[in-house]
Amino acid sequence: MADPAVTGLAADPTDTPGPARAPVPRKGKTPDDSRVVLAHIMSDHDTNLYGTIHGGVMMKLIDDAAAAAAGRHADGPAVTASVDRMTFLAPVRAGDLLSVEAGLERAGRTSMTVGVRVTAERWNNSGPVTEVATAFLTFVAIDADGGPRPVPALVTALPGLS
Numbered sequence: 080m081a082d083p084a085v086t087g088l089a090a091d092p093t094d095t096p097g098p099a100r101a102p103v104p105r106k107g108k109t110p111d112d113s114r115v116v117l118a119h120i121m122s123d124h125d126t127n128l129y130g131t132i133h134g135g136v137m138m139k140l141i142d143d144a145a146a147a148a149a150g151r152h153a154d155g156p157a158v159t160a161s162v163d164r165m166t167f168l169a170p171v172r173a174g175d176l177l178s179v180e181a182g183l184e185r186a187g188r189t190s191m192t193v194g195v196r197v198t199a200e201r202w203n204n205s206g207p208v209t210e211v212a213t214a215f216l217t218f219v220a221i222d223a224d225g226g227p228r229p230v231p232a233l234v235t236a237l238p239g240l241s
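All letters in the sequence shown, in the order written, are residues 80 to 241 by our numbering.
If you're looking for bench data, these hints aren't it; they were derived computationally from the structure.
Among the clues, some could well be false.
[To be verified] Derived pair list, reagent style SDA-like, types lysine to any residue, alpha-carbon separation capped at 25 Å:
no.: 1; residue 1: LYS139; residue 2: LEU128
no.: 2; residue 1: LYS139; residue 2: ASN127
no.: 3; residue 1: LYS139; residue 2: ALA173
no.: 4; residue 1: LYS106; residue 2: PRO170
no.: 5; residue 1: LYS108; residue 2: ASN203
no.: 6; residue 1: LYS139; residue 2: PRO110
no.: 7; residue 1: LYS139; residue 2: PHE215
no.: 8; residue 1: LYS106; residue 2: THR217
no.: 9; residue 1: LYS139; residue 2: LEU168
no.: 10; residue 1: LYS106; residue 2: ARG164
no.: 11; residue 1: LYS108; residue 2: ALA232
no.: 12; residue 1: LYS139; residue 2: THR189
no.: 13; residue 1: LYS106; residue 2: ASN203
no.: 14; residue 1: LYS106; residue 2: ARG188
no.: 15; residue 1: LYS139; residue 2: ARG164
no.: 16; residue 1: LYS108; residue 2: ARG151
no.: 17; residue 1: LYS139; residue 2: ASP163
no.: 18; residue 1: LYS139; residue 2: HIS124
no.: 19; residue 1: LYS106; residue 2: ALA169
no.: 20; residue 1: LYS139; residue 2: THR213
no.: 21; residue 1: LYS139; residue 2: ASN203
no.: 22; residue 1: LYS139; residue 2: SER122
no.: 23; residue 1: LYS106; residue 2: ASP222
no.: 24; residue 1: LYS108; residue 2: ALA160
no.: 25; residue 1: LYS106; residue 2: GLU184
no.: 26; residue 1: LYS108; residue 2: ALA169
no.: 27; residue 1: LYS108; residue 2: PHE215
no.: 28; residue 1: LYS139; residue 2: LYS106
no.: 29; residue 1: LYS108; residue 2: ALA223
no.: 30; residue 1: LYS108; residue 2: GLY150
no.: 31; residue 1: LYS106; residue 2: GLY150
no.: 32; residue 1: LYS108; residue 2: PRO156
no.: 33; residue 1: LYS108; residue 2: ILE221
no.: 34; residue 1: LYS139; residue 2: ALA160
no.: 35; residue 1: LYS139; residue 2: VAL234
no.: 36; residue 1: LYS139; residue 2: ALA169
no.: 37; residue 1: LYS139; residue 2: ILE120
no.: 38; residue 1: LYS108; residue 2: VAL158
All chains, full assembly: derive it from the sequences and hints.
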C-alpha cells in the first residue's frame, strides 16, 4: 500500500497487502510457428544510379518480413527497436525475384531477435539462387498503450533429446 505521507495521495482502502503474484507462465512457440517468407519481383523503379536495387528498398523488405515474424511470435504488434546487423552480400537487379525469409532467433521477456536471410533468382528462370543479404533485428512487443508486453518463450528443442 502506498504511504500517503510520501506520495501525497489518499490511501486506497481496497489496497491491502496480499500474497505475492506468481509470474504468469509463458507458453512457448517454436521458430517455425512464426517463420515468414516474403517474395517480391524487383523492378526498374527499385534501382539506384548504378542499375542495382537500392539498399533502402531491400532494407524495407527485410524490416517488413522481420516485423511479421515478430508479430506472429508475439501474437500482436511488435515494433523495430534496432537493426543489430545488416550485410549486403551481392547486388540485386531489376527482374530478380527476392525471397526474404525471417524467423525468431531469441525471445526475451518483451523483446525478440529476428534473423533474416535474403536470396535472389531470376523471376522467369529456375536458375541458381544467390544469397544476397542477411540481417538481425530486435523487436519489442507492445500493448494497446504502446508499452512493452511479455512474449511467449522460444522453444528450440534439439532432435532426439527430450
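Hints, verified against the model:
{"no.": "1", "hint": "LYS139 <-> LEU128", "verdict": "holds, 19 Å"}
{"no.": "2", "hint": "LYS139 <-> ASN127", "verdict": "holds, 15 Å"}
{"no.": "3", "hint": "LYS139 <-> ALA173", "verdict": "holds, 16 Å"}
{"no.": "4", "hint": "LYS106 <-> PRO170", "verdict": "violated, 41 Å"}
{"no.": "5", "hint": "LYS108 <-> ASN203", "verdict": "violated, 36 Å"}
{"no.": "6", "hint": "LYS139 <-> PRO110", "verdict": "holds, 22 Å"}
{"no.": "7", "hint": "LYS139 <-> PHE215", "verdict": "holds, 13 Å"}
{"no.": "8", "hint": "LYS106 <-> THR217", "verdict": "holds, 20 Å"}
{"no.": "9", "hint": "LYS139 <-> LEU168", "verdict": "holds, 17 Å"}
{"no.": "10", "hint": "LYS106 <-> ARG164", "verdict": "violated, 29 Å"}
{"no.": "11", "hint": "LYS108 <-> ALA232", "verdict": "holds, 6 Å"}
{"no.": "12", "hint": "LYS139 <-> THR189", "verdict": "holds, 23 Å"}
{"no.": "13", "hint": "LYS106 <-> ASN203", "verdict": "violated, 43 Å"}
{"no.": "14", "hint": "LYS106 <-> ARG188", "verdict": "holds, 12 Å"}
{"no.": "15", "hint": "LYS139 <-> ARG164", "verdict": "holds, 14 Å"}
{"no.": "16", "hint": "LYS108 <-> ARG151", "verdict": "holds, 10 Å"}
{"no.": "17", "hint": "LYS139 <-> ASP163", "verdict": "holds, 15 Å"}
{"no.": "18", "hint": "LYS139 <-> HIS124", "verdict": "holds, 15 Å"}
{"no.": "19", "hint": "LYS106 <-> ALA169", "verdict": "violated, 39 Å"}
{"no.": "20", "hint": "LYS139 <-> THR213", "verdict": "holds, 13 Å"}
{"no.": "21", "hint": "LYS139 <-> ASN203", "verdict": "holds, 24 Å"}
{"no.": "22", "hint": "LYS139 <-> SER122", "verdict": "holds, 15 Å"}
{"no.": "23", "hint": "LYS106 <-> ASP222", "verdict": "holds, 18 Å"}
{"no.": "24", "hint": "LYS108 <-> ALA160", "verdict": "holds, 21 Å"}
{"no.": "25", "hint": "LYS106 <-> GLU184", "verdict": "holds, 17 Å"}
{"no.": "26", "hint": "LYS108 <-> ALA169", "verdict": "violated, 33 Å"}
{"no.": "27", "hint": "LYS108 <-> PHE215", "verdict": "holds, 19 Å"}
{"no.": "28", "hint": "LYS139 <-> LYS106", "verdict": "violated, 31 Å"}
{"no.": "29", "hint": "LYS108 <-> ALA223", "verdict": "holds, 22 Å"}
{"no.": "30", "hint": "LYS108 <-> GLY150", "verdict": "holds, 13 Å"}
{"no.": "31", "hint": "LYS106 <-> GLY150", "verdict": "holds, 16 Å"}
{"no.": "32", "hint": "LYS108 <-> PRO156", "verdict": "holds, 16 Å"}
{"no.": "33", "hint": "LYS108 <-> ILE221", "verdict": "holds, 18 Å"}
{"no.": "34", "hint": "LYS139 <-> ALA160", "verdict": "holds, 15 Å"}
{"no.": "35", "hint": "LYS139 <-> VAL234", "verdict": "violated, 28 Å"}
{"no.": "36", "hint": "LYS139 <-> ALA169", "verdict": "holds, 17 Å"}
{"no.": "37", "hint": "LYS139 <-> ILE120", "verdict": "holds, 14 Å"}
{"no.": "38", "hint": "LYS108 <-> VAL158", "verdict": "holds, 19 Å"}
Hint compliance for this structure: hints 4, 5, 10, 13, 19, 26, 28, 35 are broken, all remaining hints hold.
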